[in-house]
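Numbering of the first sequence is given in the working numbering, commencing with residue 250 and proceeding in unit increments.
Source of the hints: derived by calculation from the structure; they are not laboratory data. Since this is a predicted model, take the numbers as computed values, not measurements. There could be a bad hint or two in this list.
[Claimed, not checked] Just the calculated beta-carbon pair ranges, DEER-fashion:
#	residue 1	residue 2	range
1	Trp-281	Tyr-350	18 to 24 Å
2	Gln-443	Glu-305	42 to 48 Å
3	Tyr-426	Ser-446	27 to 33 Å
[Stated by the list, open to error] Calculated cross-link-like contacts (lysine-lysine; reagent style BS3-like; alpha-carbon spacing at most 27 Å):
#	residue 1	residue 2
4	Lys-271	Lys-310
5	Lys-310	Lys-343
6	Lys-393	Lys-423
7	Lys-352	Lys-393
8	Lys-343	Lys-462
9	Lys-462	Lys-352
10	Lys-393	Lys-287
11	Lys-496	Lys-343
12	Lys-340	Lys-283
13	Lys-340	Lys-352
14	Lys-352	Lys-283
15	Lys-423	Lys-462
16	Lys-538	Lys-352
17	Lys-423	Lys-352
18	Lys-343	Lys-423
19	Lys-282	Lys-340
20	Lys-352	Lys-287
21	Lys-282	Lys-535
22	Lys-282	Lys-393
23	Lys-503	Lys-469
24	Lys-287	Lys-535
25	Lys-282	Lys-271
26	Lys-496	Lys-283
27	Lys-343	Lys-538
28	Lys-271	Lys-496
For each residue, glycine too, the CB sits at the ideal point set by N, CA and C.
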Amino acid sequence: MRIVESDQQITVYDLSSFDLEKTIECGQCFRWKKLGNKHYLLIAHNQLVELLQSEECFVLKHSSLNQFNQIWRNYFDLDRDYALINHTLEKDEKFIEIINYSKGIRLLKQDPFEILISFILSSNRSIPIIQCNIEALCEQYGHKIGEFMEQTYFAFPDLASLNNLSPSDLRACKVGYRDAYIQSAIQFIDRYPQILSDIERMTYEQAYSTLQKIKGVGPKVAHCVLLFGYHKMESFPVDVWIERGMKHLYPQLKTIQEIQDFARENFGHHSGIVQQYLFYYAINHKIGK
DNA sequence: GGGCAGGTCTAAG
DNA sequence: CTTAGACCTGCC
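Using the sequences provided together with the hints, build the complete structure.
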């Protein structure tokens with residue numbers, strides 16, 4: 250990996266196993282806009298960046314070297330050797346086709362608070378609607394972080410901005426019955442202000458059960474928070490697509506618990522990556538539908 | 001118009 | 001501990 254800084258932009262060369270399009274569009278993050286082929290606008294960590302990928306390089310516009318090293322390098326998981334992980338996973342023949350289809354995806358290290366709220370909103374909904382809800386929340390309660398092509402963009406609202414909102418404030422953002430879930434999450438963090446940083450240091454099981462004390466956070470959302478918000482690669486969120494995909498690959502698996510156990514035993518600390526590869530493959534091939 | 005979404009809650013056996 | 005039903009909302 251070779252990094253060049255010039256004129257408010259960062260260019261990264263010699264990057265293997267990285268596909269910007271798959272990484273952005275595979276369903277792990279919600280706040281992006283496609284500007285063209287391999288060309289995106291992304292909002293994360295209170296920053297607005299323009300991203301491009303070509304044959305030889307990955308470009309981040311409106312970013313300094315400092316921001317790259319402090320945020321984006323980790324955000325895009327650029328220091329993990331995905332080629333090596335893919336090689337390991339290919340030992341299971343059933344995964345060769347999936348890896349071939351999904352390789353290039355990187356697990357994004359996103360903000361835990363944003364991920365918590367976003368995935369609480371995700372239950373029983375389709376991805377485009379989730380994105381609409383999140384944008385509504387940001388426009389209402391997030392602070393302005395920049396403009397691009399005469400459009401104003403907003404950060405994801407912080408705890409203080411979402412605190413003391415009424416159910417009708419939230420329902421105005423079309424979150425539906427999840428209004429109470431959001432309030433529960435806000436109250437929980439308000440009561441235990443260090444909780445989101447404490448989770449980082451907890452054992453997986455501890456963090457997993459702590460998160461589920463929040464109303465609206467069940468097994469799937471808790472795994473998602475740990476995977477996308479904390480980069481805990483042993484997590485294996487099982488949603489409908491993963492359930493369909495896993496039953497397709499391993500017909501002997503009957504319940505979500507069996508799928509969960511199978512993943513822990515067979516994928517271990519690569520579970521999160523397998524999960525995202527399989528999700529991307531299953532949803533685009535409509536496996537099991 | 002009925003069905004379906006990156007599920008979770010609740011109330012029952 | 002496991003399992004059915006209900007649930008906001010928008011888009012097909």
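Each hint, compared with the structure:
Distance hint for Trp-281 and Tyr-350: a CB-CB separation of about 21 Å, consistent with the stated range 18 to 24 Å. In this structure the hint that Gln-443 and Glu-305 lie 42 to 48 Å apart at CB holds, the actual value being about 44 Å. Against the hinted window of 27 to 33 Å, the Cβ-Cβ separation of Tyr-426 and Ser-446 comes to about 30 Å, which satisfies the hint. Proximity of Lys-271 to Lys-310 is assessed by CA-CA distance (about 19 Å); at most 27 Å being required, the pair is judged to hold.
At most 27 Å may separate the alpha-carbon atoms for a hinted pair to count; Lys-310 and Lys-343 exceed this at roughly 39 Å. A hinted pair counts as satisfied when its Cα atoms are at most 27 Å apart, and Lys-393 with Lys-423 qualifies at roughly 21 Å. For the hint pairing Lys-352 with Lys-393, the CA-to-CA distance comes to about 35 Å; that exceeds 27 Å, so the pair is violated. With a C-alpha separation of about 36 Å, the suggested pair Lys-343 and Lys-462 falls outside the 27 Å cut-off, and the hint is violated.
Proposed proximity of Lys-462 and Lys-352 is contradicted: the alpha carbons are some 35 Å apart, above 27 Å. As the CA atoms of Lys-393 and Lys-287 are separated by approximately 26 Å, the hinted pair is consistent with the 27 Å bound. Restraint check for Lys-496 and Lys-343: satisfied, since their Cα atoms lie roughly 12 Å apart, inside the 27 Å limit. For the hint pairing Lys-340 with Lys-283, the CA-to-CA distance comes to about 35 Å; that exceeds 27 Å, so the pair is violated.
Restraint check for Lys-340 and Lys-352: satisfied, since their Cα atoms lie roughly 15 Å apart, inside the 27 Å limit. The suggested pairing of Lys-352 with Lys-283 holds, with an alpha-carbon distance near 20 Å, which does not exceed 27 Å. Straight-line distance between C-alpha atoms of Lys-423 and Lys-462 comes to about 24 Å, which keeps the hinted pair within the 27 Å bound. Only pairs whose Cα atoms come within 27 Å are accepted, and Lys-538 paired with Lys-352 is accepted, the gap being roughly 23 Å.
Of the supplied pair hints, the one linking Lys-423 and Lys-352 is violated, its CA atoms being roughly 35 Å apart against a limit of 27 Å. For a cut-off of 27 Å, the pair hint linking Lys-343 to Lys-423 is broken: about 41 Å separates their Cα positions. About 36 Å separates the Cα atoms of Lys-282 and Lys-340, which puts this hinted pair outside 27 Å; it is violated. For a cut-off of 27 Å, the pair hint linking Lys-352 to Lys-287 stands: about 16 Å separates their Cα positions.
Proximity of Lys-282 to Lys-535 is assessed by CA-CA distance (about 24 Å); at most 27 Å being required, the pair is judged to hold. A hinted pair counts as satisfied when its Cα atoms are at most 27 Å apart, and Lys-282 with Lys-393 qualifies at roughly 17 Å. Between the alpha carbons of Lys-503 and Lys-469 the distance comes to roughly 17 Å, so the proposed pair stays at or under 27 Å and holds. For the given pair, Lys-287 sits about 24 Å from Lys-535 by alpha-carbon distance, which is consistent with the 27 Å threshold.
Distance restraint check for Lys-282 and Lys-271: the Cα-Cα separation of roughly 13 Å lies within the 27 Å cut-off, and the hinted pair is therefore satisfied. The straight-line distance between the Cα atoms of Lys-496 and Lys-283 is roughly 33 Å, outside the 27 Å bound, and the hint therefore fails. Annotation: proposed proximity of Lys-343 to Lys-538 holds, straight-line Cα distance about 19 Å (limit 27 Å). A hinted pair counts as satisfied when its Cα atoms are at most 27 Å apart, and Lys-271 with Lys-496 qualifies at roughly 24 Å.
The earlier numbered hints that this structure contradicts are 5, 7, 8, 9, 12, 17, 18, 19 and 26.
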